[in-house]
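> Residue-level listing of the chains:
2 protein chains.
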Amino acid sequence: MKVRIKKIDRELLKRAVDIAEQGIQKGGGPFGALITLNGKIISEAHNEVVYSSDPTAHAEILAIRKACDSLRSHDLSGCDLYASCEPCPMCLGAIYWSGISRVFYASEREDAANAGFGDKLFYDELSKSPEERNILFCRIGDIDGSRVFKLWERYEKKIRY
Amino acid sequence: MKVRIKKIDRELLKRAVDIAEQGIQKGGGPFGALITLNGKIISEAHNEVVYSSDPTAHAEILAIRKACDSLRSHDLSGCDLYASCEPCPMCLGAIYWSGISRVFYASEREDAANAGFGDKLFYDELSKSPEERNILFCRIGDIDGSRVFKLWERYEKKIRY
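So the sequence lines, in the order shown, correspond to chains G and S. So the number in this note's numbering is just where the residue sits in the first sequence, counting from 1, plus 136. So the number in this note's numbering is just where the residue sits in the second sequence, counting from 1, plus 136.
So that you can see chain G by itself, here it is in the shape it has in the complex (with noise of 0.2 Å):
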């Protein structure tokens, strides 16, 4: 997919590199993330794993989570997300099911990885089948899960998304 980037998402960007800077002497992983809808930010966040206690505090994740809670809803169509450094898989998850439009970011999976971070590897086992993963991942298939689905299907008040 072809884009032309504009002047503005240029200064979003480096904001968000900002923000990761920042972030940094608050305690957190060097990492940052805003979200704009219709060009003005929404959201803003860094990294807070450690300060956290939490491995999911990821700046993306924290972001969407923010925004989502500033627009009451799960749904950030049309909504843009600047990251400082390339998504982790988990993020870019995130970013799939919060159906986020577009993604800009400065460095890449690799450069995470020289700076001592699992995005690379953790994207290279994603691809593998469960049992070739470095977790163990086991599939118990005689403990019925489907039934659960199909109880979803006939239940009348859900809500798809």
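Keep in mind the hints are simulated off the structure, nothing from the lab. Note that this is a predicted model, so its numbers are computed, not measured. Heads up, a few of these hints could be off.
[Said to hold, decoys possible] Cβ-to-Cβ under 7 Å is the rule here; a few derived chain S residues that face chain G:
#1 Ser209
#2 Asp247
#3 Ala251
#4 Ser263
#5 Cys274
#6 Ile295
Even for Gly, the Cβ is constructed at its ideal location relative to N, Cα and C.
Let chain G serve as the given structure and place chain S on it in line with the hints.
Only chain S this time, still in chain G's reference frame:
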């Protein structure tokens, strides 16, 4: 990696499926998860995406966050996760970041896809290079993101994770 599935693993996984079922009645999506440490349950959660307006509120993510909160650590090494369905790429990323040791699950990504969820699609997207994906991923290479990693390297108070 081979594993001998114990009776307790079946019981815990069945409980994760029960949690998923109960979650539907509470307005959640059809997914449940729990985390154990030394065979003891330390957190349980079901999907809360819609009613929490939070696309990251998957059962596994919430269970990880609760477990970390209870242990006051971002590191869940030695813990096991039981999930009613194969974790999606976002949750898989969170599992890697948390250091969880073993994952047991019942349904597979194809079952979730058949129930209308994007898990399989997102797995396929993650394996693609950024420029081949459905969502626009644009690196702006001349914005210097690597300066943050250099600052991180020099930062004496950093806690690596």
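> Can you verify the interface hint for Asp247/S: is its Cβ closer than 7 Å to any Cβ in chain G?
Given a least distance of 5 Å, the restraint on Asp247/S holds.
> Cys274/S was flagged as interface toward chain G. Is the shortest Cβ-Cβ separation under 7 Å?
5 Å, holds
> Does the interface hint hold: is Ser263/S within less than 7 Å of chain G, judged Cβ to Cβ?
Holds. Min distance 5 Å.
> Hey, does the Ile295/S contact hint survive, CB to chain G under 7 Å?
This hint holds: Ile295/S lies near chain G, its Cβ roughly 5 Å from the closest one there, short of 7 Å.
> Does the interface hint hold: is Ser209/S within less than 7 Å of chain G, judged Cβ to Cβ?
6 Å, holds
> A closest beta-carbon separation below 7 Å is what the hint needs, so does Ala251/S meet it against chain G?
With a closest approach of 4 Å, the Ala251/S hint holds.
The earlier numbered hints are all upheld by this structure, with none contradicted.
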